[in-house]
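K.L.:
Under the numbering used here, read the first sequence as residues 343 to 960, first letter to last.
Where hints are given, some of them may not hold.
As a list, the in silico DSBU-like pairs of lysine-lysine whose alpha-carbon atoms are at most 35 Å apart [stated by the list, open to error]: (1) K730 <-> K710; (2) K654 <-> K858; (3) K654 <-> K730; (4) K827 <-> K662; (5) K839 <-> K817; (6) K858 <-> K827; (7) K705 <-> K662; (8) K677 <-> K654; (9) K838 <-> K858; (10) K710 <-> K757; (11) K827 <-> K838; (12) K677 <-> K705; (13) K838 <-> K662; (14) K677 <-> K710; (15) K943 <-> K817; (16) K827 <-> K757; (17) K939 <-> K858; (18) K817 <-> K942; (19) K817 <-> K939; (20) K677 <-> K662; (21) K858 <-> K943; (22) K817 <-> K730; (23) K939 <-> K827; (24) K705 <-> K844; (25) K858 <-> K817; (26) K817 <-> K838; (27) K839 <-> K939; (28) K827 <-> K943; (29) K838 <-> K757; (30) K730 <-> K705; (31) K838 <-> K939; (32) K757 <-> K730; (33) K730 <-> K844; (34) K705 <-> K654; (35) K757 <-> K844; (36) K730 <-> K858; (37) K710 <-> K654; (38) K677 <-> K757; (39) K662 <-> K710.
Note that these hints are calculated values from the structure, not bench results. Given the structure is predicted, the values throughout are model-derived calculations rather than measurements.
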Amino acid sequence: MNPLAAQKRRVQKTQFFQDLDKLDQYMHDDSDDTVHTSEVQQPSFALHEPSRPKKRTETFNIRRPRTAYRPPSTETSANNRVNERDLVSTKGKEGGPASSGAKNIQRTYLFLHPEPEFGPLFDKDTSYIIVDDKLDLKEALKDLRTSADVSKTPMVRMRWLVDCFRDHTVHDMRSSLFRVRGMKDPFCILDNEDVQAVAPAPKDAKSAMVMCAFNRPKLERPMTQDDFAQAIDFVQKVGLLDYQQFVDGESASEEVQPGRIGKKPESAECFNSRLQDFLCKEKNDGSSTNPNLQTMYILQQLAIYYERVGDKWRNLGYRKAVTALRYQQTPVRTKQDALLIRGIGESIADKIEEISTTGHLRKLEMAKADPHEQCLIIFMGIYGAGLKQARRWLSQGHRTLEGLLYNAELTPNQKIGVEHYEHFQARIPREEVRRHAAIVGEVLSSVDPGLQVIIGGSYRRGKADCGDIDLLITKADASLDHIRKLMTQFAIPELKKRGFLKAELSVSQSHDNGSKWHGASVLPNSSAWRRLDMLYVPWDERGAAMIYFTGNDIFNRSVRLLASWRGMRLNQHGLYENVMRGRGRTKITEGKVLEGKDEKKIFELLGVPWRPPEHRNL
DNA sequence: CAGTAG
DNA sequence: TGGCCTTACTG
DNA sequence: GCCA
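Using the sequences plus the hints, can you model the full thing?
P.N.:
The structure is reproduced here in structure tokens:
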């Protein structure tokens, strides 16, 4: 075996797991004296087993200290009282099983996954934040992924918990032995605001290990803006990284539109916000560029390539590698350096070395030159065709759009997609979007003066040109049924009659709860078919629908992700609370609607500062 | 449920 | 060796 | 692709 790999593996086995093993031992000796729940008898701490869920709640009993434990003495502060109450207060207080044994203290713990992206979810019920011994305050906070009010929650090293078990006592959290690096006082995180000055954690501490315990009395939880920045960052790393825009603030040359005059209005702004989002996750030492941008960009290209060829797992691997590189403060040039980073293995390490020595990657050059690739890209641009279909056509020997049209079996939609390929690919000038909407609006008000048309999509975000036309149709106090009826029975037929709507690509007819119309429209005296999407929105859902239909993509996903971090759920119908999620994030409960009407209110409830649409171009 | 779009 | 993954809608 |  490669000695480097072995060394790396050793490094990655964090102290945390060893600690858990120790804990496990302490838990299981003396079993005569301790009442274990059934779950404890299972390997509660076997978190490193492959089959374990990302997070799980374990219930177990802490045997009450025989001798060493004593109630807080007079010299102990209020902080210690919190400490003691929390440890002693049991689930049994709420009718749980533990109230029986005075010698048992039952706690419910949440163990969390080492991967930062599945990282700990700080919850308002969290009692303690217990941090891997290797992490410092800054790292821990970053991986806590919250700006909820953690200030009142004690934060200590893993060692504290281990020692508590070992000694059958509750140790004083303020002992320097248990202090998280960078903290002065375990009970007051806010007093440690000089987190910038904290020395960075060692490389091998990359895997954050935080454990949160439950059952704490309610904490009020003021929302801060930072969560949203984190959500954006999280989503962006999955999204595309536009290297050119990043480096010189200009849009990539392939995207330059011939009709564009001067610089795009959103360009500078977009650049700035990107840079900010980017920088907010970087160490704030004044250096404004990541030393690995070049490498990241090329690996990102490779990730996109693998996505195209349908290898989702390689795609994922490369994306993770890019993410890992993003967090590196120093240039990674050699294979050895690269191998030490979690998320980068043999193969990518080789490629990193190639990139930093030659400046490019042969594999990528080859892939780009591959005619199959170019066909695939063209075919996937056809409306109604995705990766599967494009590959099918390719393997059937098709190489051109014309070939498809005459020789391939096309669904009606795909046929339209091919016939109008050029038009559908073209960007639509802002002014033209407005005129399309005006025609729809005119017809709609003749059907029912109450109907409203709102232009969403990139138009609402202020872009100079749009990929398609997104219209949101609603009416004051109307239900979805009502609006749909007006549209399908009167408005759509009328628009067709006028020759405005040319094709229906995806229309909800069979389903009674359908709410969207996808098709093509064309202005009078024009031949350019445009993709037109309409969304029928009940009055009460217009706020949520606006967010959804305004986008952009990344923005939507960020907000939704943030909602799920908050225990809420956001979709085009509304913002829901009390969403229960089970294994993997599967929904158990739909949750209760919090808000749907008011876009601003939804932002507010999510704790996201209001962003005008123009600022949602992530 | 597969495929697609966002 | 097998798991890794955002959500909703349509046909 | 990476990782346990």
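K.L.:
All hints, please: hold or fail.
P.N.:
Hint by hint, here is what the structure shows:
1. K730 <-> K710: holds (20 Å)
2. K654 <-> K858: holds (29 Å)
3. K654 <-> K730: Roughly 13 Å between the alpha carbons, so the hint for K654 and K730 holds.
4. K827 <-> K662: Status violated; Cα separation ~47 Å.
5. K839 <-> K817: holds (23 Å)
6. K858 <-> K827: holds (12 Å)
7. K705 <-> K662: holds (19 Å)
8. K677 <-> K654: holds (25 Å)
9. K838 <-> K858: Distance of about 16 Å is within 35 Å: holds.
10. K710 <-> K757: Roughly 28 Å separates the two Cα atoms, so the pair holds.
11. K827 <-> K838: With Cα atoms ~16 Å apart, K827 and K838 stay inside 35 Å; holds.
12. K677 <-> K705: holds (17 Å)
13. K838 <-> K662: The given pair, whose Cα atoms are some 48 Å apart, is violated under the 35 Å limit.
14. K677 <-> K710: Holds, because 25 Å separates the two Cα atoms, which is no more than 35 Å.
15. K943 <-> K817: Judged against 35 Å, a Cα distance of about 20 Å means the pair holds.
16. K827 <-> K757: holds (29 Å)
17. K939 <-> K858: Satisfied, since the Cα-Cα distance of roughly 19 Å is no more than 35 Å.
18. K817 <-> K942: Holds, at about 19 Å.
19. K817 <-> K939: holds (12 Å)
20. K677 <-> K662: Roughly 17 Å between the alpha carbons, so the hint for K677 and K662 holds.
21. K858 <-> K943: holds (25 Å)
22. K817 <-> K730: Answer violated: K817 to K730 is near 39 Å, above 35 Å.
23. K939 <-> K827: Answer holds: K939 to K827 is near 21 Å, not above 35 Å.
24. K705 <-> K844: Violated. K705 to K844 sits at ~44 Å, over the 35 Å cutoff.
25. K858 <-> K817: With Cα atoms ~15 Å apart, K858 and K817 stay inside 35 Å; holds.
26. K817 <-> K838: Holds. K817 to K838 sits at ~21 Å (cutoff 35 Å).
27. K839 <-> K939: holds (33 Å)
28. K827 <-> K943: holds (29 Å)
29. K838 <-> K757: Status holds; Cα separation ~19 Å.
30. K730 <-> K705: Within the cut-off at roughly 23 Å; holds.
31. K838 <-> K939: Judged against 35 Å, a Cα distance of about 31 Å means the pair holds.
32. K757 <-> K730: Answer holds: K757 to K730 is near 16 Å, not above 35 Å.
33. K730 <-> K844: holds (27 Å)
34. K705 <-> K654: OK: K705 and K654 at ~18 Å, within 35 Å.
35. K757 <-> K844: Given that 35 Å is the threshold and the Cα spacing comes to 14 Å, the pair holds.
36. K730 <-> K858: Satisfied, since the Cα-Cα distance of roughly 24 Å is no more than 35 Å.
37. K710 <-> K654: It holds: about 18 Å lies between the C-alpha atoms, which stays within 35 Å.
38. K677 <-> K757: violated (49 Å)
39. K662 <-> K710: holds (22 Å)
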